[in-house]
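Student: Residue numbers (the working numbering): 2 to 249.
Treat the hints loosely; a few may be bogus.
Label-pair restraints from in silico Cβ distances [as the list claims (entries may be wrong)]:
1) GLU242 x ASP93: 38 to 44 Å
2) ILE248 x PRO82: 22 to 28 Å
3) ARG45 x ASP111: 22 to 28 Å
4) GLY226 x HIS67: 40 to 46 Å
5) GLY226 x ARG148: 32 to 38 Å
DMTMM-like, lysine to aspartate or glutamate: derived pairs with alpha carbons at most 25 Å apart [claimed, not checked]:
6) LYS176 x ASP236
7) LYS23 x GLU183
8) LYS52 x ASP95
9) LYS144 x ASP192
10) LYS216 x ASP95
11) LYS213 x GLU249
12) LYS144 x ASP95
13) LYS197 x GLU183
14) LYS216 x GLU242
15) LYS143 x ASP171
16) LYS143 x ASP95
17) LYS176 x GLU215
18) LYS191 x GLU170
19) LYS191 x ASP35
20) LYS197 x GLU94
21) LYS52 x ASP112
22) LYS144 x GLU177
23) LYS52 x GLU183
24) LYS52 x ASP236
25) LYS23 x ASP180
26) LYS197 x GLU223
27) LYS213 x ASP236
28) LYS176 x ASP111
29) LYS143 x GLU94
30) LYS197 x GLU38
31) LYS176 x GLU223
32) LYS116 x ASP95
33) LYS116 x GLU242
34) LYS52 x ASP68
35) LYS23 x GLU94
36) LYS23 x GLU120
37) LYS23 x ASP95
None of these hints come from the bench; they were simulated from the model. Remember, it's a predicted structure, so these values are computed and weren't measured experimentally. Cβ atoms here follow ideal geometry from the backbone N, Cα and C, with glycine treated the same way.
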Amino acid sequence: MAPERIPPIIIPPSDPPADIAKSAAFIFIHGLGDEAEGIESIARQFQSAGKLPHMSWVLPNALHNHDLASTAWYLPTRLSPFPSQRPELDDDEDREGMMASVAYITTLIDDLIAKGIPEQRIVVGGFSQGHAMALLTGLTSKKYAGRLGGLAGLSGYLPLIGQIPQLREDAALAKEVNDGVEVFLARGTKDMLVPKRYHRMCYDGLYGLGVKGEKVEIHEYEGMGHQLGGAELRDLCAWLERVLPSIE
């Protein structure tokens, strides 16, 4: 029997605009083995500090994977700090699982737009596997690639790099990205789970796809491991305030 998905945690704006078209939304995707409750406190911290009061938070839950005995957006593969000597022997990325998760995240965007929130007032972001899913959704979604307000990736990487042009073509999108979507990328220098070369491959991959350098904000935090840190969240907050400003 297929596992059932726990519904997302939805946190409404603390000070919602009278016109919902002036509100905004952040779909924030957790990492491997976590759940929406694990990152709910971040949304609460932002709101208690009076940050982004016009913005709602949508915190989705990954399915439980029986083989991994944990939640996962897709089956992970090993991320080595060194280039593979025999890439033909490397495990294939779980394209099917990833694209199934993209399809689910797309339904969450559908729900927000059905409520009246404009697509350019929606940001999709995430941590670790959530980082990977946010970027993949923003780059390959037939409905929303190039149309969202922004994409945020924390302590993750860009999956399926070599396959993205074909995935875009399959979705009737131009192979090359040519839009104004803002991107926020961040990692800690002591992250041992997602090595630095994957951070570099991520932004180089985005540039190779046509994403303009001036649209990408990149941060590294000295001494931070594979986690969400205070300085990182402050920078994310400032970026969200710029990308999804309050509208009078």
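Student: If a hint holds in the structure, say so; if it does not, say that too.
Tutor: Checked hints:
1. GLU242 x ASP93: 38 to 44 Å: holds (40 Å)
2. ILE248 x PRO82: 22 to 28 Å: Given range 22 to 28 Å: violated, Cβ gap about 44 Å.
3. ARG45 x ASP111: 22 to 28 Å: Taking Cβ atoms as reference, ARG45 and ASP111 lie about 26 Å apart, which means the hint holds.
4. GLY226 x HIS67: 40 to 46 Å: violated (29 Å)
5. GLY226 x ARG148: 32 to 38 Å: Once the Cβ atoms are compared, 34 Å apart, the range 32 to 38 Å for ARG148 and GLY226 holds.
6. LYS176 x ASP236: Cα-Cα ~31 Å, so violated.
7. LYS23 x GLU183: holds (19 Å)
8. LYS52 x ASP95: violated (36 Å)
9. LYS144 x ASP192: violated (33 Å)
10. LYS216 x ASP95: Between LYS216 and ASP95 the Cα gap is close to 29 Å, so the pair fails against 25 Å, i.e. violated.
11. LYS213 x GLU249: violated (29 Å)
12. LYS144 x ASP95: Cα-Cα ~22 Å, so holds.
13. LYS197 x GLU183: This hinted pair holds, its Cα atoms lying about 22 Å apart.
14. LYS216 x GLU242: holds (15 Å)
15. LYS143 x ASP171: Judged against 25 Å, a Cα distance of about 9 Å means the pair holds.
16. LYS143 x ASP95: holds (20 Å)
17. LYS176 x GLU215: holds (20 Å)
18. LYS191 x GLU170: violated (37 Å)
19. LYS191 x ASP35: holds (20 Å)
20. LYS197 x GLU94: Given pair LYS197, GLU94 holds - Cα atoms ~19 Å apart, limit 25 Å.
21. LYS52 x ASP112: Distance ~23 Å between LYS52 and ASP112 Cα, so the pair holds.
22. LYS144 x GLU177: With Cα atoms ~16 Å apart, LYS144 and GLU177 stay inside 25 Å; holds.
23. LYS52 x GLU183: Distance of about 19 Å is within 25 Å: holds.
24. LYS52 x ASP236: Given pair LYS52, ASP236 holds - Cα atoms ~12 Å apart, limit 25 Å.
25. LYS23 x ASP180: holds (22 Å)
26. LYS197 x GLU223: holds (12 Å)
27. LYS213 x ASP236: Answer holds: LYS213 to ASP236 is near 20 Å, not above 25 Å.
28. LYS176 x ASP111: This hinted pair holds, its Cα atoms lying about 24 Å apart.
29. LYS143 x GLU94: holds (21 Å)
30. LYS197 x GLU38: violated (28 Å)
31. LYS176 x GLU223: violated (36 Å)
32. LYS116 x ASP95: Roughly 32 Å between the alpha carbons, so the hint for LYS116 and ASP95 is violated.
33. LYS116 x GLU242: holds (21 Å)
34. LYS52 x ASP68: Violated: LYS52 and ASP68 sit about 39 Å apart, past 25 Å.
35. LYS23 x GLU94: Since the Cα atoms of LYS23 and GLU94 sit roughly 39 Å apart, the hinted pair is violated (cutoff 25 Å).
36. LYS23 x GLU120: Status holds; Cα separation ~11 Å.
37. LYS23 x ASP95: violated (38 Å)
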